[in-house]
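Given only the sequences and the hints, what does the whole structure look like? Please build it.
Each chain, letter by letter, is given below.
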Amino acid sequence: MTAIVSHTATSAAGRGLAAHLDALQQERSALKPCDFETVELDTWIGEVAGVDEVALPKDLVHYDCRNNRLAELALRQDGFEAAVKAAIDQFGSDRVACLMGTSTGGILSTEIAYRERDDTGALPDWLDYRTMHSDYGLADYVRRRLGIDGPSLVISTACSSSAKVFATADRYLRAGLIDAAVVGGVDTLTLTTLYGFHSLQLTADEPCRPADVDRRGISIGEAAGFALLVRGGQSELHLAGYGESSDAHHMSAPHPEGLGAQLAMQRAVDRAGLQPQDIDYINLHGTGTVANDISEDRAVVTVFGTQTPASSTKGLAGHALGAAGALEASIALLCLEHGHLPRSLQTRTLDPALNGTIVMESEARQLRHVLSNSFGFGGNNGSVIFSRVST
Amino acid sequence: MRCSVERIGIAAPGLESWDAARAILRGEQPWQDQPLARHAPQILPANERRRATDLMRLAFHAGEQVLGDDLDASTLPTVFSSPGGDSKIVDQIFKVLATDDRRISPTQFHNSVHNAPAGYWNIATGSRQPSTTVSGHQFCFSAGLLEAVTMLAADDMEQVLLLVHELPPAGPLYPLEPWLCGFSVAMLLGQPDGENSLASLELTLDETDQTESTVTHADLEVMRTGNPAAAGLPLLEAIARDDLGNPGKPGTIVLPSASRLPLVVKVS
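Sequence lines, in order, name chains A and B.
Start counting the first sequence at 0; every next residue gets the next number (numbering that gives the first Met the number 0).
Start counting the second sequence at 0; every next residue gets the next number (numbering that gives the first Met the number 0).
Check the hints yourself; a few may be wrong.
What the hints assert, rightly or not - According to the in silico footprint, chain B covers these stretches of chain A (three or more CB under 8 Å from chain B):
| hint | segment |
| --- | --- |
| 1 | 114-121 |
| 2 | 241-249 |
Said to hold, decoys possible - With a straight-line cut-off of 16 Å between C-alpha atoms, the simulated EDC-like cross-links for lysine to aspartate or glutamate are:
| hint | chain 1 | residue 1 | chain 2 | residue 2 |
| --- | --- | --- | --- | --- |
| 3 | B | Lys265 | B | Asp242 |
| 4 | B | Lys265 | B | Asp192 |
| 5 | B | Lys94 | A | Glu115 |
| 6 | B | Lys265 | B | Asp205 |
| 7 | B | Lys94 | A | Asp118 |
| 8 | A | Lys84 | A | Asp148 |
| 9 | B | Lys94 | A | Asp117 |
| 10 | B | Lys265 | B | Asp208 |
| 11 | B | Lys87 | B | Asp53 |
Claimed, not checked - FRET-style restraints, in silico, Cβ to Cβ:
| hint | chain 1 | residue 1 | chain 2 | residue 2 | range |
| --- | --- | --- | --- | --- | --- |
| 12 | A | Gln24 | B | Glu206 | 47 to 55 Å |
| 13 | B | Glu194 | A | Arg173 | 21 to 29 Å |
| 14 | A | Gly120 | B | Leu260 | 37 to 45 Å |
| 15 | B | Asp32 | A | Gly146 | 37 to 45 Å |
| 16 | B | Asp218 | A | Phe90 | 42 to 50 Å |
| 17 | A | Gln233 | B | Pro44 | 50 to 58 Å |
Because the hints were derived from the structure by calculation, they are not lab data.
Only a predicted model underlies this, so the values are computations on that prediction, with no experimental measurement involved.
Just so you know, even glycine gets a beta-carbon here, dropped at the ideal spot from N, CA and C.
Printed below as a string of structure tokens:
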């Protein structure tokens with residue numbers, strides 16, 4: 000197990016852990032009708048307030064784009080920066096990694112730039128592809144911002160991106176490449192994702208309703224989540240295991256029986272050295288599409304049976320796409336830390352076709368092991384298990 | 000960390016197979032600037048083959064060489080790595096979004112995710128193994144290699160297939176990323192001391208007096224700096240020339256890495 004000594008999340012639900020815990024306990028959704036930029040779609044979104052007002056440090060201003068501004072905003076919360084600095088002081092900057100997940104990067108900037116092409120079709124000078132548009136720009140920004148000199152990369156596997164970075168970090172730690180890792184994910188609202196998911200008829204025209212019999216699709220959100228993993232670190236919270244798989248089925252629809260999801264969850268349980276019945280709560284990928292929720296349910300029941308409490312928290316702040324893994328890791332860790340079993344948010348009438356135990360009333364409950372699912376386009380699946388161990 | 004290189008596939012101008020590339024890298028054959036043929040992916044069924052994007056064709060061109068006709072791809076974990084996503088597709092999407100009619104094609108949209116080539120590969124091969132897609136920009140080769148070797152070492156995989164590829168972008172994006180040509184390489188990596196190996200590699204992130212490795216052949220050195228996916232050419236050269244020079248003395252390759260310390264690869 001790898002200690003998680005610090006974590007933080009910023010989303011439409013608010014800045015930092017206290018805001019997210021409060022939103023969970025109050026069951027308060029931050030979703031709103033889409034009024035983002037020039038988007039004209041009948042859909043709901045989770046937008047982070049105040050991102051445009053965030054100023055990057057002067058020496059990193061060439062990284063300025065919505066995605067890096069959201070990263071900057073999130074990094075300032077919950078003493079995360081200070082925790083990273085302590086790890087760098089302890090191990091040396093070469094021994095700390097920066098492993099990020101994103102599906103959008105700063106492509107909003109490029110979208111806007113395309114609207115500003117000149118008569119020759121050339122893009123405006125202000126667009127820096129490497130620091131703004133490129134996915135890797137996120138990891139590049141975060142590592143420079145935090146003073147990290149160890150291995151860095153971005154994993155871009157759509158909605159499983161920032162779950163998989165936990166697996167990569169754990170591997171680098173066990174291989175002896177590093178002693179600590181900053182992992183996380185940042186995705187921001189873009190025209191591409193909003194119009195793209197709409198074109199696939201996967202967005203709902205109301206707040207998403209995972210597990211609901213009348214669910215009609217996703218609500219896209221933006222978020223940033225970060226976690227600091229430290230070899231031999233002191234913490235009650237740990238990364239216990241991970242599992243990864245591919246569906247080998249379809250680019251944008253899950254395997255009907257959730258075969259890939261089964262594999263990812265089983266591999267996570269096995270790697271954690273646990274049995275399925277040891278998992279006290281499953282934070283579902285639970286996007287609110289007809290297809291995902293039923294296939295995920297079938298996968299959960301196959302691996303865990305029907306009794307393991309499960310719920311989706313995407314009703315809180317939406318589906319943060321490439322950042323969903325990281326945001327929901329923070330949510331899982333909050334649930335572990337504070338003994339909170341969250342209900343399936345925005346669910347009104349439970350779909351009778353679901354055979355798993357979907358939590359419909361939040362309650363205080365001591366949890367030891369929580370599993371979080373993140374499944375992406377291309378049938379790419381990541382499951383991560385977090386554990387609370389009394390020190 | 001150590002691994003074996005079991006097979007290599009390559010697709011670049013004048014380098015259309017490992018056998019051909021090996022001879023050129025050894026100085027036994029001249030390199031000719033021949034444009035890369037547009038590949039028809041053999042692992043895709045006919046209707047998907049027609050619709051495969053240019054980037055997928057490039058990635059699969061090298062990947063399929065590694066499979067040959069005897070390797071079962073359904074059991075292979077994969078690491079796909081490129082500087083970013085599919086710039087041709089995103090160019091098309093951004094042009095549509097800049098108009099009043101913003102209806103993006105749904106197929107274009109799901110093909111625009113960076114792991115689209117990986118997704119199609121897994122669907123075509125039936126592989127349910129872990130698959131990751133790394134976006135490493137100019138460091139995509141070393142980042143992908145590090146990820147693949149770490150999977151082997153830490154997750155006890157038998158083999159991992161690494162595919163690194165990139166095409167020059169289209170239209171207005173080209174001046175921002177003016178790659179000279181397309182480049183695609185695939186390496187089947189296995190546990191160290193494997194029986195059928197082209198080379199053994201030992202990887203570290205380390206201080207070194209050596210500067211960043213270059214390629215002996217002048218035209219291929221231009222290719223190395225002309226496309227981030229080609230940054231591994233010095234490693235391919237070391238593998239190709241392994242038995243030349245001083246026998247028994249490992250060649251050491253220094254690759255730029257997304258970390259302060261470079262990726263140092265000892266080849267033997």
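The hints, checked one at a time:
{"no.": "1", "hint": "114-121", "result": "holds (count 4)"}
{"no.": "2", "hint": "241-249", "result": "holds (count 7)"}
{"no.": "3", "hint": "B:Lys265 to B:Asp242", "result": "holds, 14 Å"}
{"no.": "4", "hint": "B:Lys265 to B:Asp192", "result": "holds, 14 Å"}
{"no.": "5", "hint": "B:Lys94 to A:Glu115", "result": "holds, 11 Å"}
{"no.": "6", "hint": "B:Lys265 to B:Asp205", "result": "holds, 12 Å"}
{"no.": "7", "hint": "B:Lys94 to A:Asp118", "result": "holds, 14 Å"}
{"no.": "8", "hint": "A:Lys84 to A:Asp148", "result": "holds, 12 Å"}
{"no.": "9", "hint": "B:Lys94 to A:Asp117", "result": "holds, 13 Å"}
{"no.": "10", "hint": "B:Lys265 to B:Asp208", "result": "holds, 14 Å"}
{"no.": "11", "hint": "B:Lys87 to B:Asp53", "result": "holds, 8 Å"}
{"no.": "12", "hint": "A:Gln24 to B:Glu206: 47 to 55 Å", "result": "holds, 50 Å"}
{"no.": "13", "hint": "B:Glu194 to A:Arg173: 21 to 29 Å", "result": "holds, 26 Å"}
{"no.": "14", "hint": "A:Gly120 to B:Leu260: 37 to 45 Å", "result": "holds, 42 Å"}
{"no.": "15", "hint": "B:Asp32 to A:Gly146: 37 to 45 Å", "result": "holds, 44 Å"}
{"no.": "16", "hint": "B:Asp218 to A:Phe90: 42 to 50 Å", "result": "holds, 43 Å"}
{"no.": "17", "hint": "A:Gln233 to B:Pro44: 50 to 58 Å", "result": "holds, 54 Å"}
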